[in-house]
Each structure stands twice: as structure tokens, then as C-alpha cells.
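There are 2 protein chains.
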Amino acid sequence: MNDHTVPNDLCPVGFIGLGIMGAPMVRNLLHAGVPVRVWARRLEQAEKLVADGATLAASFAELVGTVKVLFLNVSDTPDVESLMLDDGGILSHARAGLIVVDHSTIDPLRTRVIAERAREAGVAFVDAPVSGGERGAIDATLTLMLGGDEADIERVRPLLALIGSTLTRVGDSGAGQIAKACNQLIIGETLVAIGEAYGLAQAAGVDPARVREALLGGFAGSKVLEMHGKRLLEDNFVPGFMAHLHAKDMGIVADTAAHLGINLTGVDRVRAALSRALEHGHAYDDSTILARYCVPDR
Amino acid sequence: MNDHTVPNDLCPVGFIGLGIMGAPMVRNLLHAGVPVRVWARRLEQAEKLVADGATLAASFAELVGTVKVLFLNVSDTPDVESLMLDDGGILSHARAGLIVVDHSTIDPLRTRVIAERAREAGVAFVDAPVSGGERGAIDATLTLMLGGDEADIERVRPLLALIGSTLTRVGDSGAGQIAKACNQLIIGETLVAIGEAYGLAQAAGVDPARVREALLGGFAGSKVLEMHGKRLLEDNFVPGFMAHLHAKDMGIVADTAAHLGINLTGVDRVRAALSRALEHGHAYDDSTILARYCVPDR
Chain A
1 MNDHTVPNDL CPVGFIGLGI MGAPMVRNLL HAGVPVRVWA RRLEQAEKLV ADGATLAASF
61 AELVGTVKVL FLNVSDTPDV ESLMLDDGGI LSHARAGLIV VDHSTIDPLR TRVIAERARE
121 AGVAFVDAPV SGGERGAIDA TLTLMLGGDE ADIERVRPLL ALIGSTLTRV GDSGAGQIAK
181 ACNQLIIGET LVAIGEAYGL AQAAGVDPAR VREALLGGFA GSKVLEMHGK RLLEDNFVPG
241 FMAHLHAKDM GIVADTAAHL GINLTGVDRV RAALSRALEH GHAYDDSTIL ARYCVPDR
Chain B
1 MNDHTVPNDL CPVGFIGLGI MGAPMVRNLL HAGVPVRVWA RRLEQAEKLV ADGATLAASF
61 AELVGTVKVL FLNVSDTPDV ESLMLDDGGI LSHARAGLIV VDHSTIDPLR TRVIAERARE
121 AGVAFVDAPV SGGERGAIDA TLTLMLGGDE ADIERVRPLL ALIGSTLTRV GDSGAGQIAK
181 ACNQLIIGET LVAIGEAYGL AQAAGVDPAR VREALLGGFA GSKVLEMHGK RLLEDNFVPG
241 FMAHLHAKDM GIVADTAAHL GINLTGVDRV RAALSRALEH GHAYDDSTIL ARYCVPDR
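First to last, the protein sequences are chains A and B.
Anchor point for the first sequence: position 205 equals 205 in the working numbering, and the numbering is continuous, going up by one each time.
Anchor point for the second sequence: position 224 equals 224 in the working numbering, and the numbering is continuous, going up by one each time.
These are calculated hints, taken from the structure and not from any lab test.
Accuracy of the hints is not assured; some may be wrong.
Identical copies look the same in the list; a pair holds intra-copy or inter-copy alike.
In silico SDA-like links for lysine to any residue, alpha-carbon gap of 25 Å or less [stated by the list, open to error]:
1) K223 with T166
2) K68 with H244
3) K248 with L216
4) K248 with P78
5) K248 with G217
6) K230 with L216
7) K230 with S82
8) K48 with A203
9) K230 with P158
10) K48 with D268
11) K68 with T55
12) K230 with D172
13) K68 with A258
14) K230 with D87
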């Protein structure tokens with residue numbers, strides 16, 4: 001059953017959080033021959049994956065107690081905190097030596113607390129937020145930003161390599177989440193910049209598509225100008241990555257900056273643009289839409 | 001003397017503005033066999049190029065009156081306005097059919113006025129601001145953003161191809177300058193974003209170099225993160241493109257937005273960061289330095 005590249009002492013693995021990102025990650029593990037045990041509050045989410053070869057655990061406790069590596073891919077910080085730290089949570093049921101790999105995008109500083117609590121319980125915790133969207137999850141081309149002990153990350157690397165194509169250990173616990181926060185901030189600010197540039201061009205009667213073309217190969221060129229800049233021109237806001245999730249992530253960036261006592265004015269501008277986009281009904285559109293709302297309403 | 005690819009009816013050409021960017025552009029024209037006539041208030045600037053094969057004009061009037069295409073590469077809007085429109089300026093001395101190609105970065109809306117006045121005098125005016133810096137000028141790999149009549153641009157294209165490697169007609173007069181304004185705005189805002197991201201990482205005790213590495217291949221990746229992001233980590237502010245020139249360009253962006261009645265808050269943030277950098281003595285450092293000043297002094 002198991003592929004040569006994944007050591008047997010990492011198997012079976014468990015996976016909690018079987019949504020748009022989690023489900024294709026599970027399938028990529030299964031395709032490589034890794035035995036995956038799943039469990040979900042909404043049983044139908046888990047049953048789809050059973051049809052693909054996953055094993056349904058009898059309960060949450062049984063899942064946690066029988067796996068060597070446990071992947072999480074849930075929505076927000078409180079979800080991970082609850083799963084890990086609650087009475088009856090992961091740390092209550094885990095075997096010593098369990099490695100938890102958290103693909104959720106959550107608060108970096110609270111990640112450090114979770115990792116410390118896990119360590120005290122004999123469980124390793126690796127923060128492993130991803131970028132690359134649903135397409136990257138399906139194609140196993142995700143970028144993984146990793147935080148945690150180097151030895152733990154090296155142990156799970158054969159599994160992570162089945163999920164993503166760029167794996168970078170950024171530093172100790174929380175460092176992966178810091179990198180993800182930087183990622184969301186830079187993408188947001190670049191979108192605002194492109195929104196402003198397109199707005200300037202349009203106000204001057206110049207075609208933004210021609211401006212984009214002139215700029216793409218030069219110093220102003222970026223993945224955002226290439227991909228999102230094209231979406232903007234085509235009014236294509238099919239997600240991709242939804243605006244309400246980007247708003248959630250920018251909240252994490254803002255909280256982190258506040259806790260660290262630094263003032264990042266760009267964060268406020270991206271959040272303001274996302275708020276306006278959400279107020280105008282674009283929560284489930286691609287977050288590229290924020291570029292349309294970067295100029296304050298007048 | 002003349003290369004096959006440059007039609008004889010474009011020769012000789014003239015060049016005014018023989019500085020860091022202009023001089024290597026002239027050399028690239030000369031190397032291709034194009035006869036170039038030069039003139040400069042500071043005679044020694046012109047004489048260097050005579051040693052490379054340029055012809056020194058007897059006077060400004062003689063230069064303007066004897067060339068088919070006249071390149072300008074000067075500092076700011078008033079310089080181009082004065083050269084073109086003053087009594088005794090280019091329009092006073094030009095032969096009908098002259099094409100002026102302006103590589104300066106100047107105000108897009110005032111460019112339209114200059115081009116209109118030129119047209120009335122039987123002179124074509126093409127705005128052709130560049131990006132790519134001194135290195136691009138030497139290697140003839142500049143990006144040229146072109147505004148003006150399509151026929152005029154097509155006529156001079158064989159000459160422009162000797163100076164740059166990416167030539168894009170963005171639209172009518174001023175459209176090249178609008179693209180350049182967008183270029184400087186996007187680069188400035190991306191630098192601010194990277195400055196903030198690095199600041200967030202450092203405040204959290206995470207190495208910005210590792211964050212950059214994790215982000216480079218993903219959606220947050222850009223030429224600015226690749227090139228300027230590396231400069232920041234290495235404290236390398238050898239220009240490149242000087243901060244005071246970026247400040248001048250951002251003034252153009254701000255004036256243009258104000259004249260068009262649009263409110264671009266990103267412009268203010270980039271200008272504020274550049275102002276702080278200039279106040280701290282960095283006028284002649286590379287404009288990457290602005291990323292160090294994007295967080296307000298407290």
C-alpha cells in the first residue's frame with residue numbers, strides 16, 4: 001500500500017478539515033499510497049474520501065489515538081485551539097510522539113502557545129500554512145511555509161512533498177504563520193497598488209490593459225500583476241481565494257502587528273478595501289475584487 | 001555608416017540630455033551605425049561622446065535644424081517644456097516633419113499640451129519614458145512606454161529597438177507617461193509592502209530572508225521582492241535609481257491624480273516614506289531605501 005518514499009513509521013496519517021483545500025490534499029496522499037484516516041463532524045465530507053480510499057475513523061478520539069501524523073486544515077485560530085487544547089481534544093487523546101501538521105492560516109503568536117502546550121504533552125506541532133489555492137491543492141503544487149523544530153519538519157517532509165512543491169522552513173513555531181501573514185499582506189498591498197494604477201490610467205483615458213502589458217516584463221512586474229491584474233481586466237472574480245477569507249487573514253495580520261506593537265498602515269488600507277468589497281456583496285468572490293475598492297468612496 | 005535596419009530618412013538623429021541614461025543610449029545608436037549629433041550646455045558631456053563617434057553640433061539651433069529625429073532625456077517637466085516651447089526652442093528651429101522622442105519622465109497631462117503645440121508646428125512628439133535604469137541603458141534592455149501617433153511610433157521603432165528591448169505603444173500622447181507613473185506607483189507601493197512585511201517578521205523574531213525565500217515563487221512573488229527585497233537584506237543601497245528621482249516621479253503621480261480628481265492614498269504613503277528617507281540623508285541612495293521608512297516614526 002505504501003509508497004517507497006514515505007517511511008512506514010509515519011503511517012497511518014490522519015486528516016481533519018476536509019474542505020476545498022483539505023479534500024484534494026487527502027487525495028494526493030492516497031494516490032501516493034499513504035494510508036489516511038479521516039473523521040468529520042459532517043459525515044458526508046468524510047464519506048466522499050472513503051470512496052477514494054481513505055479509512056473512516058470510528059470517532060475523533062479513535063482517529064487521534066491511532067495515527068502517527070495528524071494534519072489539520074480548518075478555518076481559524078479558535079478552531080485549531082479548540083481541536084488541540086479542549087478537554088477531549090487532540091492533546092487529550094494523542095499518543096506520545098504524534099506530529100500535528102497544521103495547514104490552517106491562523107494567528108502566529110497564538111500558534112506559539114499551541115505548540116508549547118503540545119510540546120508539554122509530548123506532541124510536536126508544525127505550522128504549515130499554504131499558498132496556491134484550490135488549484136495548487138489539486139495539483140500538489142502548493143507553497144508550504146513551515147514553522148517548528150527542524151527535526152520534526154524533516155521527519156514529515158516526505159509527506160509534505162506529496163502535498164506541495166515548495167517547502168520552506170522559515171523558522172521556529174509560528175514562523176510559517178508569520179510568512180503567511182507577510183504573504184497575505186504583500187498580495188493585498190500589491191492589489192491595492194494595481195487598483196490605483198488602473199484607476200489612474202482610466203481617469204486619464206488610457207487603457208489599463210496596455211499599461212499592464214507595458215509593465216509586465218519590467219521592475220513593476222509581479223505574479224499579482226500577471227494573474228490578478230488579468231482577472232481585473234476581464235471582470236473575472238470566480239474564486240480562487242475568497243474575499244472573506246482574505247479579510248479573515250488580514251485580521252490576523254492586524255492582530256499580530258498590534259500585539260507586537262508595530263504600526264503597519266498598509267494593513268489598514270487592505271482591510272478597508274476588503275471591508276468595502278464585502279459590504280458590496282463580494283464576500284464569496286475572488287479577493288482580487290479588493291482592487292476595485294481601494295479608492296475610498298466619495 | 002548606417003546599419004541596414006535604420007532607414008536613411010531617419011538620419012541624422014540628435015540627442016539632448018547626455019547624462020547617466022542619455023550617454024549610453026547615444027553609444028548604442030552609434031554602435032549600430034546611426035549618425036548622432038549632440039549638443040550640451042556643459043560642453044564636456046558632449047565631447048565624451050564625440051570621442052565615441054558623435055558629431056558636435058555648432059549650436060542648439062543648428063542641432064535642431066539639421067536632424068530628422070531628436071531624442072530628449074532631461075530631468076523634469078519644465079525642462080522639456082522650456083526646450084520645446086520657449087522662444088528659440090525646438091519648435092522655433094525645427095524642420096517640418098521632425099519627430100521628437102522624449103525619454104524623460106514628466107507630467108502626462110502637460111505632455112499632451114506639449115505634443116499638441118508640436119503638432120501645430122508640424123513636429124511629431126512621442127513620449128517614451130523608460131524603465132530599467134543605467135544597466136538597462138548600457139545593455140539596451142530598457143522597457144520603453146510609448147505614447148503618440150501610431151504612424152510616428154512605427155517610423156522611429158527601428159531606432160528605439162537599438163535603445164530598448166521591450167517597446168509598447170500604450171496609447172496616444174501622454175499614455176507612455178501614464179504607464180511610467182503607474183510603474184513608479186506600483187514599485188513604490190510594493191516596496192512599502194515589503195518593508196512592512198519585513199518589519200512584521202523582525203518584530204516577531206523571524207528572519208526576513210527566510211520569509212522572502214518562502215514567498216518568492218508564490219503569488220506574493222515579484223521583481224521587486226526578487227531584486228529590491230534582496231538589496232534590503234544586504235543593506236545595499238548603491239543606485240540603481242536614486243531616491244530623490246523616485247520622489248520627483250511620485251510628485252508627478254500625485255499632480256496627475258489631483259488634476260484628474262482621483263484620490264490615491266497609496267501615493268501619499270510612498271511619498272511620505274520617500275520624504276522620510278530624504279530627510280535622513282538618503283537622496284542619492286537607491287530608492288529601495290524607502291522600504292526602511294514606510295513605518296511612521298513614533
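**Prompt:** Which numbered conditions among the earlier hints are violated in the structure presented, ordered from lowest to highest?
**Reply:** Those not satisfied are hints 2, 7, 8, 9, 10, 13, 14.
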